[in-house]
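Engineer: With these hints in hand, go ahead and build the complete structure from the sequences.
Read top to bottom, the protein sequences are chains A and B. The first sequence lines up with residues 0 to 554 when you count with numbering that gives the first Met the number 0. The second sequence lines up with residues 0 to 250 when you count with numbering that gives the first Met the number 0.
It should be emphasised that the hints constitute simulated quantities derived from the structure, not laboratory data. We treat Cβ as the ideally placed atom computed from N, Cα and C, and that holds for glycine.
Some chain B residues near chain A, calculated using beta-carbon distances under 10 Å: (1) Cys-175; (2) Leu-197; (3) Ser-210.
Here are the simulated distance ranges between beta carbons: (4) B:Arg-162 x A:Ile-403: 33 to 43 Å; (5) B:Lys-85 x A:Ile-22: 48 to 58 Å; (6) B:Lys-112 x A:Lys-24: 46 to 56 Å; (7) A:Asn-194 x B:Gln-128: 29 to 39 Å; (8) A:Thr-267 x B:Pro-113: 26 to 36 Å; (9) B:Gln-111 x A:Gln-115: 23 to 33 Å; (10) A:Lys-63 x B:Arg-247: 31 to 41 Å; (11) B:Lys-112 x A:His-499: 33 to 43 Å; (12) B:Leu-217 x A:Ile-402: 32 to 42 Å; (13) B:Lys-85 x A:Asn-454: 55 to 65 Å; (14) A:Ile-22 x B:Ser-103: 46 to 56 Å.
Here are the simulated lysine to any residue pairs, SDA-like style, with alpha carbons at most 25 Å apart: (15) A:Lys-523 x A:Ser-534; (16) A:Lys-182 x B:Tyr-115; (17) B:Lys-224 x A:Asp-179; (18) B:Lys-215 x A:Asp-192; (19) A:Lys-210 x A:Pro-195; (20) A:Lys-182 x B:Asp-164; (21) A:Lys-182 x B:Lys-209; (22) A:Lys-523 x A:Leu-85; (23) B:Lys-112 x B:Val-77; (24) B:Lys-241 x A:Phe-361; (25) B:Lys-241 x A:Val-29.
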Amino acid sequence: MYPAYMKGSLDLVEQTRPKRLEIQKSGKPVYPPMTAEERENVLQRFHPDYKKEARRVIHIGPNKGESITTEVADMLEAHSRIEPELFDLTQPDYETDILIIGAGGAGCAAAIIAMQKGAKSIISTKLRLGDANSMMSQGGMQAAVTPQDPPSRHYLDVIGGGHFDNKPDLVRALTEDGPDVVKWLEDLGVVWDKNPDHTMYVLHGGGTSRKRMHSCRDYTGAIILRTLMDEVRNHSDKITILEFMPTVDLILDHKGRCAGGVLYNLETEEYFTVKAKATIITTGGYGRLHIRGFDTTNHYGATGDGLIMAYRAGAKLLYMDSVQYHPTGASFPEQIAGFLITEKIRGAGGQPVNKHGELFVFPREPRDVESAAFIRECLERHNGTQTPSGRWGIWLDSPLIEIIQGAGYLAKNFPAMVRQFIRYQIDITKEPMLVYPSLHYQNGGIEINAKSETNIPGLYVAGEASGGVHGRNRLMGNSVLDYNVFGRRAGKHAAEYSKHVTLGKLSLEHITAYENELKKARIKTDRIAPVLLPSYTPEDVRKRQLTAHYEGTLR
Amino acid sequence: MTPKKKAPARKKSKSPMPVKSKVEKHGVPVKMVTVFIMGKSHRVPAEATIMGAIEYAGYQIKRGAGCREGFCGACATVYRLPGDYKIYTGLACTTLVEEGMWLSQLPVIPSQKPVYDIEKLEPDVTAFQVLYPEIFRCVACNTCTKACPQSLEVMDYIQAAIRGDIEKVMDLSFDCLSCGLCAIRCPAEIVHYNVGILGRRLYGRYLSPKSPELEKRLREIKEKKFDKDYKKLMAMNRDELKKLYYARDTE
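Structural biologist: What follows is the structure in C-alpha cells.
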C-alpha cells in the first residue's frame, strides 16, 4: 500500500492516462527518442559510470594501467584464498575432461553440449545447481525470427545499443545463432509463448527496432534454466555436479594452459583440486559487490569470482569500466528495493512518468540511457517521488497495459510481478509501480572470441562473465541469448580441445607470481578474493563477534 | 501465499536475548518484533522479511538464500505462530516476519529425480506411469496446494498428470519455483515439482504447435542467406554504423 502522501501524485498519473493512451494508440513514439548527442549528454551527466570516483587505474595484471570500475579494481588487487605450497598437484582429488565453473544457464548449456560431444564434465557451483541470475530473467530472449527481422537487423540493434564498442564476430555469433537457440530450447522442452496462429509471440525491448523478444510469461529464465538443469540431471553418468563447492582459483600446467581449479567446500571448509583438460568459466556477474552502493537485482552468489581467478591466471578483461543499471528496479516497498521489474512491462506498453504524471523519456531507450534519464528526472529536475525511507522513484504505469492489451493481461503475462506487489497490498493492474535504476549487469568481462576461447589455452568463458559481445551496454533479452549461444559454443569447442590436449605438470605458480606483483606494486591490503558471498551482518553484531576470524566477507 | 487466520496470541513472548539499543532508521524509531529462529529468540524489525530477519540477527546464510526475489526456491521456510496449531510455509525472501513467529529454513528437500531421455517418451500418461508411479497414490488431500508459496493449484496438476492431461500440467505448474514445500508436506510422498517439470518439457517438446516462421528462418540461415548483409555490416567503420543505426526504422 502506498503511503497517503503519494495520493496526489498517483491521482495525476491516473488523470494523464487517457491522453497518454491516445498517443500510444497513434502508433507514433510516445516521446521523441534521443539523438546521438542527447544520449551522450544525459549519460555524461547522470550515468553512475561517469562519476569521477566510479573508476580507477588498476596497477597489476594484464589490464595494468587501464581505468576500470573501482570495486572491480579493488577485487583484482586482492590476495588469493589459497597458499599454493599446501597443494600436492600430482595427486588431484578429481580428474575430468572439462571443469565447468558456475551452474547457471551458460554452465548447464555447456555441460549438455560437451556431453553430446563425448566429454565428461564436473560442474563446480557455489550454491545449488541453477542458483544464478539466469533463473531470474523475466522478460525474455531476443532472437530474429519474424520475416521483417533478418538476424542482421538484430546485429545492428546490438551494436548501436552497445555504443559501437562490441566485437563484431561475437555479435554475429550471438544474432545468427539466435533462431537455432529458440529451436534447441523448444526441442529440450521449453514452453515458449505463441500466437494463436502458432507463430512466436514477440514483443519489443529497449533498443530494439523489431519485435523479437521471446518469452515464457514472465518466468522466462526460470523455465529455460529448469529445463536445462533437468537435462543436466538426466546425464549423471557424464556430468558430475558439486554443489556448495565454488572454484576459488585456476590451475595451469607448465606450458601455461588451463588445467582445472581449486575448489572450496563451503560447508566442511576443505579444499579440493580438479584436474581438467579444459575449463569453462560461467560464473556470471558481480551485482553483489553493490557497486556505487546501489541495490542490485542480482543473485546472492553474483560476486564476480570468475573474473578474479581468470585475471590472476593471466586472462585479459574487456570493458571492465562499464556497469549496467537496470532502469526499473523496485523503489517501494522497502522490502523489495532493487528487485527487478522486467523491461517487458515497457515492451507491453507500460510508460515511465514523473510525479506530475508526465512522460519525460521514450520508454525503450537502451538501458544506460533510460537509467540516466530517470536519474536526471529525479535528481536534477526534482520530478521524482520520494519514498518514506528517502529513495527516489519514477512511476511505471502498469494499469495502462491492462487498457491497451485488455483486462487480465497482466495476470496472464506478468504473474511474477503481480505476485511480487500484491504481497504488499499494491495491485499493479490498478496502481503504477515506483521504480529507480538498480545494479543489474556486468557489461564487460573476460575477453573471448567467437569460439568462447580466451588468451589462455584451454580456458573458455561464456555468459555474463565474458566481455565483448555487448560492448559497453547490453540490451534486454540478449543475456539469455548470450548464455545459450556462448554456453553451447564453449561446450562444443572445449570438448573438441579436450580430445587432443595432453597436459603437462600442474602448477599454481601464477598465484605466487601474482602475489609478488601485488608486493612490487606496493599494494598493502587485507582484501581476499573471490569474496564468494556478500555479508549483510549488521555492524553491532560484528562488534560482538570477538573470536571470529573473517576471510574477506566470510567467517 | 497461504491464507492466514490471525490467531489470538497466547502470551506476549519474552526475549531472553539482550535487547539491542533502540534501533533507528532515518531518525525514525523502527518497530521491532520477537521471532524464534530455529528456536532461539531474536528482536528484529517488524517490517523485515524472514531472510532479512535471519541476517539482521547475525547469521551468514550459506544454504537457504538464492535469488532473494522469489524465483529460485532456495529459501523454503516452515513456521508456526503463537496460539495457533497450524504449520505454515513460505519463502524466506518474500514472507514478512510476525510477532512470535517460530521459524526454520529447510536447507534441502530430499527428492527423487528419475533420469530419462525426452526423445524416447510419449507425451501422454505413460510417461508419468513409468517415471512417477507414486503420483497415483495421491489422496487428493490438497495439502500441497495449501503449502505452495506461489498459490498454485498443485493438487490439480498432479490430478491432471494422472489423467495424462499434459497441457494442464504445464499451465498449472508454469510458475513453480521447485522450492519443495509441497513435497515435504505430501502424505503420498510425491515430488510434485519434478512432475511439473516433466509435464512442461513434454508439452514444449511435443505438444506446443511449431512455428512455421522459425523453421523458415532456420533454413535461411543454413543457406547462408544473411552472409552478405553480415559481411557488409562487419566491414563498416563506427561512423557508417552510427549513421545506419540512427536512421533505422522501427516496427
